[in-house]
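Visitor: Same order as they appear, the protein sequences are chains A and B.
Every number in this note's numbering is 410 more than the matching position in the first sequence, counting from 1.
Every number in this note's numbering is 410 more than the matching position in the second sequence, counting from 1.
To be clear, the hints were calculated from the coordinates, so they are not data collected in a lab.
Predicted model, so just to flag it, every value in this text is computed and none were measured.
Since copy identity is lost for identical chains, a pair holds within one copy or between any two.
No more than 20 Å apart at the CA atoms, straight line, and that leaves these computed lysine to any residue pairs for SDA-like:
| hint | residue 1 | residue 2 |
| --- | --- | --- |
| 1 | Lys640 | Asp692 |
| 2 | Lys491 | Arg767 |
| 3 | Lys640 | Leu756 |
| 4 | Lys485 | Asp758 |
| 5 | Lys485 | Ser772 |
| 6 | Lys614 | Asp604 |
| 7 | Lys640 | Arg583 |
| 8 | Lys491 | Asp478 |
| 9 | Lys473 | Phe672 |
| 10 | Lys640 | Tyr725 |
| 11 | Lys485 | Arg767 |
| 12 | Lys614 | Met600 |
| 13 | Lys614 | Pro603 |
| 14 | Lys708 | Asp740 |
2 protein chains.
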Amino acid sequence: MIVETQLARFDSIALESGACLAPVEVAYQTYGSLNAAKSNAILILHAFSGDAHAAGIAHETGKPGWWDNMIGPGKAFDTDKYFMICSNVLGGCQGSTGPASINPETGCPYAMAFPVITIGDMVRLQKMLVDSLGITRLLAVAGGSMGGMQALEWAVTYPDHVVAAIPIATTARHSPQQIAFNEVGRQAIMADPDWSEGNYYSGKPPARGLAVARMVGHITYMSDESMREKFGRRLREKEKFGFDFSVDFEVESYLRYRGSQFVNRFDANSYLYISKAEDYFDLTQGSGSLADTFAGVKTRFLVISFSSDWLYPPYQSQDIVRVLRRRNQDVAYCELPSNYGHDAFLVDVAEQTDVVRGFLASTARERV
Amino acid sequence: MIVETQLARFDSIALESGACLAPVEVAYQTYGSLNAAKSNAILILHAFSGDAHAAGIAHETGKPGWWDNMIGPGKAFDTDKYFMICSNVLGGCQGSTGPASINPETGCPYAMAFPVITIGDMVRLQKMLVDSLGITRLLAVAGGSMGGMQALEWAVTYPDHVVAAIPIATTARHSPQQIAFNEVGRQAIMADPDWSEGNYYSGKPPARGLAVARMVGHITYMSDESMREKFGRRLREKEKFGFDFSVDFEVESYLRYRGSQFVNRFDANSYLYISKAEDYFDLTQGSGSLADTFAGVKTRFLVISFSSDWLYPPYQSQDIVRVLRRRNQDVAYCELPSNYGHDAFLVDVAEQTDVVRGFLASTARERV
Numbered sequence: 411m412i413v414e415t416q417l418a419r420f421d422s423i424a425l426e427s428g429a430c431l432a433p434v435e436v437a438y439q440t441y442g443s444l445n446a447a448k449s450n451a452i453l454i455l456h457a458f459s460g461d462a463h464a465a466g467i468a469h470e471t472g473k474p475g476w477w478d479n480m481i482g483p484g485k486a487f488d489t490d491k492y493f494m495i496c497s498n499v500l501g502g503c504q505g506s507t508g509p510a511s512i513n514p515e516t517g518c519p520y521a522m523a524f525p526v527i528t529i530g531d532m533v534r535l536q537k538m539l540v541d542s543l544g545i546t547r548l549l550a551v552a553g554g555s556m557g558g559m560q561a562l563e564w565a566v567t568y569p570d571h572v573v574a575a576i577p578i579a580t581t582a583r584h585s586p587q588q589i590a591f592n593e594v595g596r597q598a599i600m601a602d603p604d605w606s607e608g609n610y611y612s613g614k615p616p617a618r619g620l621a622v623a624r625m626v627g628h629i630t631y632m633s634d635e636s637m638r639e640k641f642g643r644r645l646r647e648k649e650k651f652g653f654d655f656s657v658d659f660e661v662e663s664y665l666r667y668r669g670s671q672f673v674n675r676f677d678a679n680s681y682l683y684i685s686k687a688e689d690y691f692d693l694t695q696g697s698g699s700l701a702d703t704f705a706g707v708k709t710r711f712l713v714i715s716f717s718s719d720w721l722y723p724p725y726q727s728q729d730i731v732r733v734l735r736r737r738n739q740d741v742a743y744c745e746l747p748s749n750y751g752h753d754a755f756l757v758d759v760a761e762q763t764d765v766v767r768g769f770l771a772s773t774a775r776e777r778v
Numbered sequence: 411m412i413v414e415t416q417l418a419r420f421d422s423i424a425l426e427s428g429a430c431l432a433p434v435e436v437a438y439q440t441y442g443s444l445n446a447a448k449s450n451a452i453l454i455l456h457a458f459s460g461d462a463h464a465a466g467i468a469h470e471t472g473k474p475g476w477w478d479n480m481i482g483p484g485k486a487f488d489t490d491k492y493f494m495i496c497s498n499v500l501g502g503c504q505g506s507t508g509p510a511s512i513n514p515e516t517g518c519p520y521a522m523a524f525p526v527i528t529i530g531d532m533v534r535l536q537k538m539l540v541d542s543l544g545i546t547r548l549l550a551v552a553g554g555s556m557g558g559m560q561a562l563e564w565a566v567t568y569p570d571h572v573v574a575a576i577p578i579a580t581t582a583r584h585s586p587q588q589i590a591f592n593e594v595g596r597q598a599i600m601a602d603p604d605w606s607e608g609n610y611y612s613g614k615p616p617a618r619g620l621a622v623a624r625m626v627g628h629i630t631y632m633s634d635e636s637m638r639e640k641f642g643r644r645l646r647e648k649e650k651f652g653f654d655f656s657v658d659f660e661v662e663s664y665l666r667y668r669g670s671q672f673v674n675r676f677d678a679n680s681y682l683y684i685s686k687a688e689d690y691f692d693l694t695q696g697s698g699s700l701a702d703t704f705a706g707v708k709t710r711f712l713v714i715s716f717s718s719d720w721l722y723p724p725y726q727s728q729d730i731v732r733v734l735r736r737r738n739q740d741v742a743y744c745e746l747p748s749n750y751g752h753d754a755f756l757v758d759v760a761e762q763t764d765v766v767r768g769f770l771a772s773t774a775r776e777r778v
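Starting from the given sequences, assemble the full structure and let the hints guide the process.
Guide: Here is the structure:
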């Protein structure tokens, strides 16, 4: 399945901050076919550093999508049954409008003149995209991590336009620890002189700072146990300790490699904006409590967490489930056993496939 | 109790790497009085960023020591009974010889010409200090985190010279996750152009890189729960979200403050060398197994871990205890309940005081 990224363009979008972006573009891909009733559409929501290329082989790069193990014929999100949509988030750097986009007022990249965005803003742009495809009501929205936040936001903001939501390995409000890890990443980027207050688009990007930020991220995505299994204390290309500051351990070389690779595909300013959007995310804000926020929600839920995920620990999913249950909302919850930590929703998908497939089948059956 | 730091100087020390440092100095403090039999001496071993000032009020700064809640008259380490010693580690920057010390061969600071050091090297210098004080056998060695590694190393290297060891919140071998967090700190420092390959002593230190490294450290020292209790999602001097990149949350301001404060008291190159010493620490190395390493150990042990410590999780202490138990070694183990994470051994000391006090009393009673 060779897929191509498409682009939708809208005149403007009003943001939660009060600012307005005009114009605004959104990059997206689709897989499978929309049925005549337009009732089989599922929107996939990507995590922090994801993009619109969720499945299939990209025409441009030849690479598989980030959730190709979950989306395709016969897979959890079965493209023989469902019409799948995935778009790059607002503020991103993979085709949708973000800080690297040209500001029409100046003819230069927005950089830090880009308005601060929220998860709500991302979802509002997704709604514009879904509307433009002629889809009134999504069968489901689904995503892990920051994608899960968007799934929750969809259910709260557009209760009449989404039948089911699948928030995975996520939270209803970013915790101080989650904010703290994001803040370290931001500080690492902004401490790099090449960041130049965000104005690096005509010069060198803040590669070292962004690499350090990504290294922190990777540690939090794995578990203590999965790191032990993957790396142990194995030495890198050395028979004994080097007694110097070259790479000694495989885990060091892995992190340096992942950090340096990230620089080639991600914009540092997008890192700042998207991480802030995560940190601002708090579904209890405004209403005062999660129960009040969920008062108007009509969506059915499948909430999934992973046992070894310490970045978005199961208790955060359970907080959501408890509130929904108390409202007698239709909610299924699975804490799946996995050693893979937060990354589990991307890599340890056997059981996740079973529960998602079953949930979608019953949702399609019971759909009003 | 006003205390002053003293300095001991030795001609040279041979290091595990094969290198030799000459001369070598060690900064230390003592509290309480050594008895006539010289049988009541306890060596306190500090953690990563600690120093010789463990207790009392420093003559130089007016500040209390880092374990003043544990050391003093009537406290866990009762200075009415015991003669306490604490020294700054080799490679440190608080009086003992380290990368900022003058290399006698060049007349300039060692910087990265400083030899790589190990936990074993730190302990060997401590042994020289203890010998110079005329103490043949320590009643106990005690410390948390990297201090606990030194306590274990003492018991293994000098079985005839230490009656009891109290390793707290520590491990017998640094895990890939622990190495990974240290590596992020090192990369943050080395990514700062002001680091200048370590030659910054005549100019600006790599303050931004070191601050980022310290921020990562602080997150790992706390627990998810203690961060929620301490900060919640409280906003900093703002009534609502700023929708900009100034500080929004108290946790951000706390981390930035602690990061910037650290720069005033810690040398970035010491960060590199000491973190590498931690990463090299592996008591199974050489012998092949912890059981073989502990074969000659005669020390009695009190091993302490804390329930919410995810940086040095209780299972790492239990690994040590299990091996000692299997050898029928005298070992007591307490996993103390605490929400404070790794910091618990420094701040949540009520129960720790009780178990240490009882253990020391029985050690003094049963001392051969």
